[in-house]
Structures are given as C-alpha cells and as structure tokens.
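Enquirer: Using the hints, position chains B, C and D against chain A.
For the record, the sequence lines run as chains A, B, C and D.
Residues 1 to 400 (this note's numbering) are what the first sequence spells out, left to right.
Residues 401 to 552 (this note's numbering) are what the second sequence spells out, left to right.
Residues 553 to 709 (this note's numbering) are what the third sequence spells out, left to right.
Residues 710 to 1032 (this note's numbering) are what the fourth sequence spells out, left to right.
Treat the hints as calculated values from the structure; they're not laboratory data.
This list has only true hints and no planted wrong ones.
So, partial list: chain A residues that the calculated Cβ filter (under 7 Å) puts toward chain B:
hint, residue
1, L53
2, Q54
3, Y57
4, R128
5, M139
6, N143
7, A148
8, L184
9, N187
10, E188
We put the CB at the ideal spot given by N, CA and C, even for glycine.
This is what each chain is made of:
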Amino acid sequence: MKFQIPIGPQHPALKEPISLRMTVEGEVIRDADLRLGYNHRGIEKLAEERTYLQNIYLTERICGICSHSHTTCFVQGVEALLEVVAPRRGQFLRYLVAELERVHSHLLWLGVAGHEAGFDSFFMYTWRDREVVMDILEMISGNRVHYAINTLGGVRRDIDEALRTKILDSLGILRARTDYYFKLGANEPSFVGRLAGVGRLSKEDALALCAVGPTARASGVAHDVRRDDPYGIYGEIPFEVCTADSCDVLGRTVVRIKELGQSYNIIEYLLRNLPDGPVAVKAPRRAKPGEVVSRYEAPRGENIHYIKANGSDKPERLKVRAPTLANYAATLAMLKNGFIADIPLIFAAIDPCICCAERTVELIDGRSGRPSQVRWSELRRMAARRAGRVSKKRNMEWPL
Amino acid sequence: MRIAGFVPELLRHLFKKPATVDYPFRKLEVPKDFRGTPFLHPETCIVCRACERDCPAEAIEIVEVNAAEKRFKMTIHNDRCVHCAQCVDSCPTDAMEMDDKFEISAFSRWDLKEEWEYVRAVVKPKPAAPAPQAAPAAPVSPSPVKPSESET
Amino acid sequence: MNDLERIERIKAVLGERAAEITNPSPQRIFLTVPARTLVPALEQLKTELGYRHLSTISGVDLGDVFEILYHFGYDGGNLNIRTQIPKADPRLPSICAVIPGAVLYERELQDMFGIIVEAIPDGRRLVLPDDWPDGNYPLRKDWKHVRAAEKIPGGKS
Amino acid sequence: MAALKTLLYVFVYPGLVFMFVYSTFCEWFDRKVYARLQNRMGPTHTGRWGLLQPVADFFKLMAKEDIVPEKADKTMFTLLPIFGLAVVATAMLLLPVWHFNPAAGGFNSFSGDIIVLLYLLSLPTIIFFLAAWSSTNVFSTVGGTRVLTMFFGYEVPLFLAVLSPALLAGSWRLAEIARFFQAKPVLLLVNLPGFIIAVICVQAKLERTPFDIPHAETEIVGGTFTEFSGKKLAFFRLMTDVEMVVSSGLLATVFLGGFPGGLVLGFLRFIVKTLFVIFLLSLLRAATSRIRVDQVVSFAWGYLAPLAVVQLFFVILLKGFVL
Chain A
1 MKFQIPIGPQ HPALKEPISL RMTVEGEVIR DADLRLGYNH RGIEKLAEER
51 TYLQNIYLTE RICGICSHSH TTCFVQGVEA LLEVVAPRRG QFLRYLVAEL
101 ERVHSHLLWL GVAGHEAGFD SFFMYTWRDR EVVMDILEMI SGNRVHYAIN
151 TLGGVRRDID EALRTKILDS LGILRARTDY YFKLGANEPS FVGRLAGVGR
201 LSKEDALALC AVGPTARASG VAHDVRRDDP YGIYGEIPFE VCTADSCDVL
251 GRTVVRIKEL GQSYNIIEYL LRNLPDGPVA VKAPRRAKPG EVVSRYEAPR
301 GENIHYIKAN GSDKPERLKV RAPTLANYAA TLAMLKNGFI ADIPLIFAAI
351 DPCICCAERT VELIDGRSGR PSQVRWSELR RMAARRAGRV SKKRNMEWPL
Chain B
401 MRIAGFVPEL LRHLFKKPAT VDYPFRKLEV PKDFRGTPFL HPETCIVCRA
451 CERDCPAEAI EIVEVNAAEK RFKMTIHNDR CVHCAQCVDS CPTDAMEMDD
501 KFEISAFSRW DLKEEWEYVR AVVKPKPAAP APQAAPAAPV SPSPVKPSES
551 ET
Chain C
553 MNDLERIERI KAVLGERAAE ITNPSPQRIF LTVPARTLVP ALEQLKTELG
603 YRHLSTISGV DLGDVFEILY HFGYDGGNLN IRTQIPKADP RLPSICAVIP
653 GAVLYERELQ DMFGIIVEAI PDGRRLVLPD DWPDGNYPLR KDWKHVRAAE
703 KIPGGKS
Chain D
710 MAALKTLLYV FVYPGLVFMF VYSTFCEWFD RKVYARLQNR MGPTHTGRWG
760 LLQPVADFFK LMAKEDIVPE KADKTMFTLL PIFGLAVVAT AMLLLPVWHF
810 NPAAGGFNSF SGDIIVLLYL LSLPTIIFFL AAWSSTNVFS TVGGTRVLTM
860 FFGYEVPLFL AVLSPALLAG SWRLAEIARF FQAKPVLLLV NLPGFIIAVI
910 CVQAKLERTP FDIPHAETEI VGGTFTEFSG KKLAFFRLMT DVEMVVSSGL
960 LATVFLGGFP GGLVLGFLRF IVKTLFVIFL LSLLRAATSR IRVDQVVSFA
1010 WGYLAPLAVV QLFFVILLKG FVL
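In isolation and in its complexed conformation, chain A is listed as follows:
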C-alpha cells in the first residue's frame, strides 16, 4: 500500500520551509519529489537596482549561516570588475572570518545531525562549544550572524594583538573539544547505527548530478574550490582536501569533522602569518562594462556568483547559485529506498540551507492580481475551500 507523506513546508525536522513529498510503502520511501519556491525573496532582481556597496549587505542576507560566503564571493567578483586588489592584511582577515564561519557552520551541522537522529545530548554539547567560535566572530565583527566584515577593497575592521592571542587560545579549546566529542559520538553504537549505510550516493551519481561540497567529497569526489580554483590567498595556504569513500551519512560526518581540523590549521596559519598594513583600499563606485565569474568554497560546497557590469554603479545581472541547490538533485537520489526514519538525517546531511537556494523571485502583492490584504472572513472561507479539496483528494489516495 503506497501513500504520500508531506515533509514540509512546515516540519519539525526542517528549520526552513521547503516541501518534500515522499511516496512511501510502509516505512520505505519509493519516490521523492521536491518543490521549491515557498520562500522566494527576489534577491537577483533586487540586486539589479542596488549599488555594488548596498549589494554586499543584500548578498549577506541570502543566508544567515553562510552569510560571509556570499559576500566574499560577491566582493571578490566586484573587486575584479572594479580593478582593485584588497591589501594583504585585509585578505588575511577576510579568509580568517571565512574559516571561522566554516568552523561554526560545521559545528552547527554536527549538532543538527545529532538532533535529527534524536541524540539531543550530542546536540547540546556541540552547540555549547560552537558558542566559543560565535563569540570570536562577534568580537571580530560586532555581530554573531551577519558579520558585515567585507567591503569593496578589503575588510571593515582590524583585529588587535589581544584578540589575535585570544583567538589562538580559543582554537586550542575548540580543537580539544572537537576531538573529544567526535570520539564520543563515533563510539555511541545507537548513533553510528543511524548514520552508517544511510543515504548512499555513489561516486558516479555524485559526479553526474553535479553534487558539491562535503556531499560530493564523502562520495570520494575530491572537489574543493579552494584547491581547484584558488581564490584570494588560498594558493599559498597549506591544507588538505578531506574525502571519504563510504558514500553515506557517516562519511559526510567524517568529512566535516576532518574539515574542522583543517580549518583550525588554516586559522592558525592565517593568524601566525598575519601581515601588517592597511585592511582596505579605496574602491571606485562604478565598474567598467564586463563580466566575472566568482567561485568560493562555502561550508556547504561550491558557491558561484556571475556578475555582469554595465558601466553604472549597479550590476546588470547578478546570478547566485548557492551550494544547496546543487545538492538537491543528489538528495532526491539518496532518499529513494531509504526509511522514513532516515529522511531528516539524509536531508540534513547535505546541510541544506534553504534560504540560500531560494532567493530569486518577487513575492509582491501582484500575485495573480489578488488584493494583498485579505479579509479574515474571506481567508477562512478560502481555507475551508482548500481544506475541502484536500480532504477529498486524500480520501482518494488514502483508502482507510
């Protein structure tokens, strides 16, 4: 007997709205379908009517968790268009924040994975330790989530010697705790039993479906933009691309844990070799006509911005492809023939950032010409009408 289970737009496992429809047979998923567009904000259209400077803050708001990824990707591109180069200290600070963001995002993901698997103690501990890196970010930039540290031609804030020492100290704590809790998590049989062998994505599928980031790397595809297409100062930083061959959720966990270690190393390298000098240079407001493709390795994978300039202080076109969108096709492949119980884990394992992937369309009142303010009574009537339709439909599919 087959029936459909809606996961989302509102579902406790999803912190953001997305709609997945699962056709299940007993506990086994036979088919999965995806519907985007619940939360579109029209950022690409909006970017065409804002200046480059304002667009930094707009791209920052594409996503909360990887806010620095989008601004850095955008700023890198615009700096190329404006023909300015950020000073070295500015670049070091920019990628320092980028790696700190990767640490906080991966720790966040570990906690979420624990929560989706019902392992709340693990969730609480990892999130408690994530506060360490959140505090560092707050001290550097003045805010916990939207750091707003990038500007055209560099970064906006400098760090002093005291803060540098403090970050280096905190790094030791983070390293020790990450190792410790990883050991504990990997030794808990019920947790490992939930992760191993779940959500398989073979290397061929990962390549064919153009998966990115830890999702692809856990399937043995060693793609990392920081190494493949080095941007900024990544060409001179020593680090490894972490991969795993198990092709399952456990592999994705292992890849992220290993990347945490690599990020700690990169942060240490950046802080120990921090050059002196200014953190920003003056940038012009207008860009010559041209186009640029900017790529960036966000915590979730490859982030790509295509910016086309038309000679004014506003971009002609800004195309944003967040890593999550690239992983959706792979997710649908992973979900098939899994268990209902594994849906949250598989879906969480790509570290979905739904607001990243949903960014393009206007949500203005002009939707189908309906008035924007609907009377309460009418709303109830509409809801009743819709509910009536739904229940009839459900009776057809749901013969109980």
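Expert: For chains B, C and D alone, kept in the frame of chain A given last:
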C-alpha cells in the same frame, strides 16, 4: 565502539554549572565593538547624505524642514535597519554611531523610528578617510549615550 | 595544464563548433557555441576532455537576445560556455541527457526567463508559485518590479 | 468504614491526588536531570527550582482549545485519553506500598497481581495505537504502526525479565515477592541482568529516547499525538508520567526489594527507589540517539529476549538445585 561511552561525560556534567545563562534575569556582556542601533550626533552632521545613499535597507531619511534656517530632520527607521553600520563607515564627520543595545523589540513599528531635528553643522570632514566605504571601521565608543535632549 | 593549453585542446576537439574562445582573466575561459550545436559540443567536452561538473546555468537578458552561460568547473579554473538565443523564439535544447544534474537550473531558466527548454525531463515549475500568472518572467528586463507603498500596521503613537 | 477507606485510597492516597502530585514531580525530576546531564538548566522559574513547571504545563494544556479532526473517529478520539489515564491510575493502586499489612490481602493486593499490573501496563500501548489510528492523520498512522511494531519487540523480554524474580520468590503476588527479597537481599544480585533488560524495556514502553520512535518529532512530527491538543494531550502527558511512576515502582518492587518499613520509612523508600529508577531512565535517554524501528525489533529479539530467557533458565536451575 563502546557501549555507554557517553555516560561518564554526562555524569561529569551533572554537578557542573550549567553552560546556559538565565537570560532575561541575567545577561551576557556584549563585546566592545558590538553593532547595536545607529544614532546621530546632530551637532556634527553636515547633511552630506552619504548615509542615506549607502544605507542598504533605506532606513535613513533626511528631509529639509526649513531651507532658510538650514534645518533638517533625520529619521532612522529602526524597523528597517539591518544593523550593518555602513552609515557609520560612510559618515565623513563621525556623526553616526552605533550603541550596544540589542533588546530593541517594540509593539509597534512606529515606536522604533527615531527622529532628530537640527541645524546643519559646519565641520570639516576628517581628512584621513575621504572615501566612506573604504575607510576602516570608525572607532565606536564603548558606552555611548543616546542623545535624548535633541529628540523631537 | 594552463589556460592556453586548455584553449588549444578545446579548439582542437570542437573544431569550428567553437565560435569564439577568450581568456579574460586567469583561470577563466569563455567559449561561445551556437545553440544548435550546444548538446553535441557539451557531449564532446564531457567525454573527450572531462568537463562534467556543471556549476550552474546563468541567463542574461540582453534586449533582443537571451545569453545563456553554462559554468563548468574543472581542476584549476572555470569554463563558461556562452550561447545566445533570440528573445522572439526562446528555444533552448536541454542538456540533461549529457549532464543529469542540470535539470534544476533548466527549470529555473524556464521560470525566470520564459525560455522553452526542449526535451527537458521534468518541466514543472520550480521556483515560482503555482498560481503565478502565465507570461510573467521576473528576470526579463522588461518585467519591472513595482514596489508597493509601505503600510505599517497600527497608528502613529 | 471499609468503604470510606477504599474511597480514600482511590481519590486521595494512593489515588488521584497523590498520583497527580507525584507524577508531575517525577516529570520535573526527569526533565531537570536530563537538562543537567546536558549542561543546561532545565525548568527554573515556575515555583521553587521550577518544581511547578509540569503542573503549569498541565493546566495550560487544559485551558487550550480542544480540536477534534473532522475525519477522526470522534468517540474513540475523545474517550481514549480518559480511558488511558484510568488504566494507569488503576495500575498505580496495585503497587505494594500503600497496604501496610502484607499478610492481609485486599482489593489491591492478591495473588496474581503482578500479572494484572503487567497487563494494565500493556494497555497504554494499545491505547496509543488506537488513538493514532482513530485520528486518521498520515503521521499519526505511521506513528501507530510504529507503536505496534515496537510493542512486539519489547513486550516479551519485559515479561520474561519480570517473571524471573517472581519464579525465584515462588509467588505471583508483588508484596510476597518483595518480602522474599527483603529476607534474602543477596538473591537480588541474581536478577541484575533481568533488571537491566527491564529498564531498557520500560524505556521502550514509555517511548523515550532511544525508543521515542512513535512520536519522533524530526521524522513524523508528533507521531501518535499529532492531532491531539488541549485536554486530551494533557491527559496523555499525565498518563505517560503516571506510567513512568508505575513502571519504576514495579521495577523497584521486583528487582530492588520493595518498600518495607511501614508508613514513613516505606514511603520514603518508595520515593528514593522510584527516583533511582527514573534517574537510570533519564541517563539512558541522555546517552543514546534514537534508533530505527527495524533496529528496535532486531535488538529486542537478537539480544534482549535471549538474555531474558537465559536469565529465566538460570533462575529455574537455581530454584531447583540450590534453594
């Protein structure tokens, strides 16, 4: 793989102080450069409108009240503000500043708007940072005071 | 393999299918391919040169034509394949047979630009609401975004 | 006079009033311990140390709007929470702590009461299933099938584990089992594996992590309770709390030597021993992650049931040859 490997860690925490803070009753300190809510020092504002132009959220509005007296009115729409502090960076005379308040919810969006009415100041822009967006962050005083007497 | 060698090899493989190939900055190659030979060209690039990681597809409205850019990532840079189709007859061949991961980007193109992607395996709407009126394609330049006047609930207190 | 005493039993102590107070206290204890194990605070503000938080939650839920889905079986949907609370409240009366003369029987202590108690503890599972099924929600239905699937896994090991001390004591009456072990406390050690099995099975019966599969919120929203709200949800929650008290009381009786010592001391022992069992349950909850329903069944039949059978055989051999 160990059975119950997590238990010693859990028991260790049973008698430790909780990591969380009893929030509305006890509060954590914010760091010294925290980006709170923007406010204006009207005595140094030269009405160059750099903040109004650069604000990504269109949260700053400057209107002329009286052209002869050079009186202007600035409204900061805190209900739209995204707290990016670009206005602070853009300001050539350090007239904009951020305070460290973060508990800024209100029952009505009207309560969040703040207004200043003032005479345009004659101050020389700081020579060090002619380009507003390229300047490093302006130093924020650790405990700024809200200008209450100049509010209308 | 540096950019120049790559360009030479692409030229050698594609022959006259490669209408124009430029290298405006390091690690970035822009290749122009006519829309009708797009699929065979991509097939050749994939099988013979290993360009199989499609990052995304960007559409740009240039007035009379749509410019479609296929951004491919490779080890060491980024290859952007450009093709143009007339706005009056916006038909584009689907590349999903060659690169299965392209389907979401093609669906997005359909929604946002009104481009008809031919032989797309799944042509449903992706990002626009179900009740979005037909013929409205938000990222076309002639589709203007009119912001409604701001209404703040409650009276001024 | 006897009738008055029975009424007192039923309504005040150990009946409804005591049951309500003690089970909410146990929920508070569980929540607080769980939170402190995770380095959090837990309830803090309602009453001293948040003691009144579960009570406040109960009354808040009682005051909330009570929604019955249109497609639901309304009679079942409405009656099941009340029926479930009644069942566990009845089960609470059978715990051998309230009657201070173990020799004399009564309506709440008779030969075979352990079977009745176990039966009454099995009923809530059936009630959860029926509640899920009658609410006709997709998530509830999946939750309901999970309830039954798990039920077939843990019920047999639980019965086997609880019956081995009964066999050792040679009685089907809880008070007599407890008295037997009070006389020979060393024999409690024999039942240690059975105690561990029983704690795990009780965790599954109470549907707490790692067995919170029927209402796993990240998978199937509220599972069994998706459609329940207001009074009905409050009743179900209270029912789960009482079930926790009764099952930990049962484990304390058969595995930890019961509650001897008359009015004051016996009562104190009841509190301490049940809280100890609840602490173990909280620890188990904090130390594990949720497992899948197929893993529950294979774990129960692959490890728990064979262990319980081995335990039972050992007890039979011990009884036959040594004692």
